[in-house]
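Q: Residue strings, one per chain:
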Amino acid sequence: MPLPRRVVCCWVLVLSGVLAVQYDAATQGSNAGPRYQVDPWWPRPFTNQSWVLGSVTGVTVDAQNHIWVIHRGGDSLETNEKGMMLTPPSATLCCQAAPSVLEFDQKGVLVSNWGGPGQGYAWPQSPGSLAVDAKGNVWITAAGLEAPPTTPARGRGDAVVGEAPAAAPGRGRGGPPPGPPDAHVLKFSRDGKFLLQIGAPGKMDGPDSQTTLNRPSAVAFDAAANEVFVADTGNRRIVVFDADKGLYKRHWFAYGEKAAGAAPTAYAPNDPPAKSFRDVTCIDIARDGLVYVCDRSSNRIQVFRKDGTFVKEGIVSKNTLGATVTGQFGVVSSHGSAWDLAFSSDAQQRYVLVANGHDKKVHILQRDTLAPVGTFGSGGRYPGQFLAVGSIAVDAQGNVYAGEQHHGKRVQKFVTR
Amino acid sequence: MKRNLLIGGSFLALLVALAIAQSAVQRVAAAQAQNGVMAPRFEVDPTFPKPLPNGWYQGQTIGLWVDAQDHVWIVHRPDVLDAAEGASSQTPPTGECCNIAPPILEFDQAGNLLRHWGG
Numbered sequence: 001m002p003l004p005r006r007v008v009c010c011w012v013l014v015l016s017g018v019l020a021v022q023y024d025a026a027t028q029g030s031n032a033g034p035r036y037q038v039d040p041w042w043p044r045p046f047t048n049q050s051w052v053l054g055s056v057t058g059v060t061v062d063a064q065n066h067i068w069v070i071h072r073g074g075d076s077l078e079t080n081e082k083g084m085m086l087t088p089p090s091a092t093l094c095c096q097a098a099p100s101v102l103e104f105d106q107k108g109v110l111v112s113n114w115g116g117p118g119q120g121y122a123w124p125q126s127p128g129s130l131a132v133d134a135k136g137n138v139w140i141t142a143a144g145l146e147a148p149p150t151t152p153a154r155g156r157g158d159a160v161v162g163e164a165p166a167a168a169p170g171r172g173r174g175g176p177p178p179g180p181p182d183a184h185v186l187k188f189s190r191d192g193k194f195l196l197q198i199g200a201p202g203k204m205d206g207p208d209s210q211t212t213l214n215r216p217s218a219v220a221f222d223a224a225a226n227e228v229f230v231a232d233t234g235n236r237r238i239v240v241f242d243a244d245k246g247l248y249k250r251h252w253f254a255y256g257e258k259a260a261g262a263a264p265t266a267y268a269p270n271d272p273p274a275k276s277f278r279d280v281t282c283i284d285i286a287r288d289g290l291v292y293v294c295d296r297s298s299n300r301i302q303v304f305r306k307d308g309t310f311v312k313e314g315i316v317s318k319n320t321l322g323a324t325v326t327g328q329f330g331v332v333s334s335h336g337s338a339w340d341l342a343f344s345s346d347a348q349q350r351y352v353l354v355a356n357g358h359d360k361k362v363h364i365l366q367r368d369t370l371a372p373v374g375t376f377g378s379g380g381r382y383p384g385q386f387l388a389v390g391s392i393a394v395d396a397q398g399n400v401y402a403g404e405q406h407h408g409k410r411v412q413k414f415v416t417r
Numbered sequence: 001m002k003r004n005l006l007i008g009g010s011f012l013a014l015l016v017a018l019a020i021a022q023s024a025v026q027r028v029a030a031a032q033a034q035n036g037v038m039a040p041r042f043e044v045d046p047t048f049p050k051p052l053p054n055g056w057y058q059g060q061t062i063g064l065w066v067d068a069q070d071h072v073w074i075v076h077r078p079d080v081l082d083a084a085e086g087a088s089s090q091t092p093p094t095g096e097c098c099n100i101a102p103p104i105l106e107f108d109q110a111g112n113l114l115r116h117w118g119g
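Top to bottom, those sequences are chains A and B. Numbering follows our numbering, in which position 331 of the first sequence is assigned residue number 331; successive positions increment by one, without gaps. Numbering follows our numbering, in which position 18 of the second sequence is assigned residue number 18; successive positions increment by one, without gaps.
No lab work stands behind these hints, which were simulated from the structure alone. It is possible that part of the hints are untrue.
[Said to hold, decoys possible] Under 8 Å between C-beta atoms, here's a sample of chain B residues computed to sit facing chain A: (1) 46; (2) 62; (3) 63; (4) 65; (5) 78; (6) 79; (7) 82; (8) 83; (9) 85; (10) 91; (11) 97; (12) 102.
Given the structure is predicted, the values throughout are model-derived calculations rather than measurements. Backbone N, C-alpha and C fix where the C-beta goes; we use that ideal spot for every residue, glycine too.
Work the whole structure out from these sequences, hints included.
A: Following this line, the structure appears as structure tokens:
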């Protein structure tokens, strides 16, 4: 009965469209800027019904308007989410971690997947974000397990080092995997062929090193200059390399300083702004060449020129603090209001969208002034709501994709309206 | 004008076709059910329930009931929410979201929260 079933589907779509509009009123925050509503039908369920997402640490959109997602996989899944991965298995049908890197088309269909250890490179213990450059190559940061809660610098990946999970440790068993800590950036072709590694696990020569990194969270590209910009979280700096060979170009610290400052104390809303980054977890370059950076638990965005000259900073949500949470798969941190950012798709990129993981919403800022103009989303488990929203991207039509860390473990699409 | 009529006409034709097709599907389903046991088919309604008011966050749903008025009742476990989920219920609050929802929640068919109590 192929035809009638399709017809019924049409009815369902029409009705759900009407319902979605009503439903959306409740998740839409105050808003003078663009308005968004969730598309609860994106992405489609995986063809392999046993696959589940772990903590989602990165989402990006490539030049073909495909949506790429990276997640922590088995290490962030609870025992009852990954019965098929246990030894011996405790389940036959559900579930196991989906492959680490997932490429979706506009309809939400999974079109490619890859990821995991391989020859010539070290797969991250805990990935940070991913980004696709102008040549179509996919870059992944090894953001690593976070510093213990007492240490201010936290990475993009959400686990905390030094805390034993409730389940037995070991890869796939719920604990942080053993081995030297993440301190590198990886470059692959879009079909997952290894091309380049900058830095190496366990090799961290400090904030002025020209060859090593420390739990980098994110990358951005300057295609014309063939440069890759790295948000080098553990070193509290931005560092720039040649995108083909990984050769060092330059680096700078908060406010464009050339010398590494002292590590700031924990954020307090009424203290003067910290002179150093607490945890720089995102970097994006606008079409006009300005470089935008999130300093996650400092609740701020800093803006630079590509040469590192400081331009301005803006506070996202001054009073946001944070929490450290113990879950079955370890300890996760939920600190700060500036976890990731993306630009609106209009030619001028008039708006910056900031994922506020701790307050469970997305802020819309005016890009030129960094003044807040609205928010969308609210805390919760239903479509259009968030837990630990830590990654955000915008496609060519202006649709927004948001990934959730911790036990949020999903990616949602929001369409403009 | 002629174009508008055409568009209107084709919409009308589409609606009629959809209605006919749907009743055909229902007839087929009824016929199949007569021949033997057929499992009902379900599809998710992602719009139910509507997001909770008051910045409330829901814990693990451990009980569910539909009453004689077709209202949907749930009981959930607020105590399982962590310090990030219930950030504004912390002392002092660490963020704007969220407050922990009362354990008993009653929804209407449209997914609106009607009443709440418990604790």
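Q: Give a verdict on every hint.
A: Verification of the hints:
With a cut of 8 Å, the hint placing residue 46 of chain B at the interface with chain A holds, because the nearest CB-to-CB distance is about 3 Å. Taking 8 Å as the C-beta contact cut-off toward chain A, the hint placing residue 62 of chain B at the interface is violated, the least distance being around 14 Å. Because the beta carbon of residue 63 of chain B sits about 17 Å from the nearest beta carbon in chain A, more than 8 Å, this interface hint is broken. Of the supplied interface hints, the one on residue 65 of chain B is violated, with its beta-carbon coming no nearer than about 19 Å to a beta-carbon of chain A, more than 8 Å.
Interface hint status for residue 78 of chain B: violated, as the beta-carbon distance to the closest one in chain A is roughly 14 Å, over 8 Å. Evaluation of the residue 79 of chain B hint against chain A yields a violated restraint, the C-beta minimum of about 14 Å exceeding 8 Å. At its closest, the beta carbon of residue 82 of chain B sits 4 Å from a beta carbon of chain A; the interface hint therefore holds under the 8 Å criterion. Among the interface hints, the one on residue 83 of chain B holds; its C-beta lies about 4 Å from the nearest C-beta in chain A, closer than the 8 Å criterion.
Because the smallest distance between the Cβ of residue 85 of chain B and any Cβ of chain A comes to about 7 Å, under 8 Å, the interface hint for this residue holds. Annotation: residue 91 of chain B was flagged as interfacial toward chain A, and the flag is violated, the nearest CB pair being 12 Å apart, outside 8 Å. Below 8 Å, beta-carbon pairs count as interface contacts, and residue 97 of chain B has one with chain A at about 4 Å; its hint therefore holds. With a least beta-carbon distance of about 15 Å to chain A, the hint placing residue 102 of chain B at the interface is violated under the 8 Å criterion.
When the structure is compared with the earlier hints, violations turn up for hints 2, 3, 4, 5, 6, 10, 12 and for no others.
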